[in-house]
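Undergrad: Hey, can you work out the whole structure from these sequences and the hints?
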Amino acid sequence: MKPLLITLLALAALAAPELATSQAAAQANGGASLTIDFNGLKSRRGTVLAALFDNRRAYEANAHPIRSWVLPAGGGDFSVTVAGLPPGDYAIKSFHDIDGNGRMNFSPVGMPLEPYAFSNNARGMFGPPAWRAAAFHVKAGANDQAIRLH
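Residue numbers (my numbering): 1426 to 1575.
Treat each hint with caution, since some may be false.
Ranges between beta-carbon positions, derived for each pair [said to hold, decoys possible]:
no., residue 1, residue 2, range
1, Gly-1499, Lys-1564, 28 to 34 Å
2, Asn-1526, Gly-1566, 37 to 43 Å
3, Lys-1564, Glu-1485, 21 to 27 Å
4, Thr-1460, Arg-1482, 23 to 29 Å
5, Arg-1470, Met-1550, 28 to 34 Å
6, Asp-1524, Asn-1464, 19 to 25 Å
7, Arg-1469, Pro-1511, 31 to 37 Å
8, Lys-1467, Ala-1565, 33 to 39 Å
Just so you know, the hints here were simulated from the structure itself, not pulled from any lab data. On a predicted model such as this, the values are computed, not experimentally measured, just so you know. Backbone N, C-alpha and C define an ideal beta-carbon position, used for all residues, glycine too.
TA: Listed below in C-alpha cells is the structure:
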C-alpha cells in the first residue's frame, strides 16, 4: 500500500482548480473534449482531487498532469468537461478527501480510508494500477469517461 500512499499524497499536492470549457469550443478548434463523470460519492463533505495524465511516464511518476482539479463534493455525483485536448491516450487518478485535510487517510496497515478511483475503474494490487490498465483513448470530438470512487 506504500506506493498507493505516495501516489495519493502526491496527487493531493498537485491538484489545483481548473476551469472546464465547452465541448463545442473543442470541436470548433479541431480538438477533442472529455467529460469525466465522478460517481459513487458516499459523502457530500470535502473535495474530490483529480489529475489527468497524457503519458505513462508522467502517470507513473505522478508528476506533470496536463489538468488537475480540486472539486467540492457537496453536490454528490458530478461531471467535469475538458476541451481542447489533442487525440491520444490519457489516464486519470482521483480520490475523495472527505475530511478536507488535503491528504488521503490510511489505516494502521496502510489501507485507504477515503474513496479513490482511476480511469477505466482500474484497480491495482498494493498500489495504483498500471498505465495500461488505466489508460483510455480520446478521439477527435466528444468523449466520456465514468469513474466510480470506492
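Undergrad: Would you mind marking each hint as holding or not holding in the structure?
TA: Checked hints:
In this structure, Gly-1499 and Lys-1564 meet the distance hint of 28 to 34 Å, their C-beta atoms being roughly 33 Å apart. A beta carbon spacing of about 39 Å between Asn-1526 and Gly-1566 agrees with the range 37 to 43 Å that was offered as a hint. For Lys-1564 and Glu-1485, the hinted distance range of 21 to 27 Å is satisfied, since their beta carbons lie about 24 Å from each other. For the hinted restraint 23 to 29 Å between Thr-1460 and Arg-1482, the CB-CB distance of approximately 26 Å keeps it satisfied.
The supplied range of 28 to 34 Å is met by Arg-1470 and Met-1550, whose beta-carbon atoms lie about 29 Å from each other. The hinted range of 19 to 25 Å is satisfied by Asp-1524 and Asn-1464, whose Cβ atoms lie roughly 21 Å apart. The hinted range of 31 to 37 Å is satisfied by Arg-1469 and Pro-1511, whose Cβ atoms lie roughly 35 Å apart. The supplied range of 33 to 39 Å is met by Lys-1467 and Ala-1565, whose beta-carbon atoms lie about 36 Å from each other.
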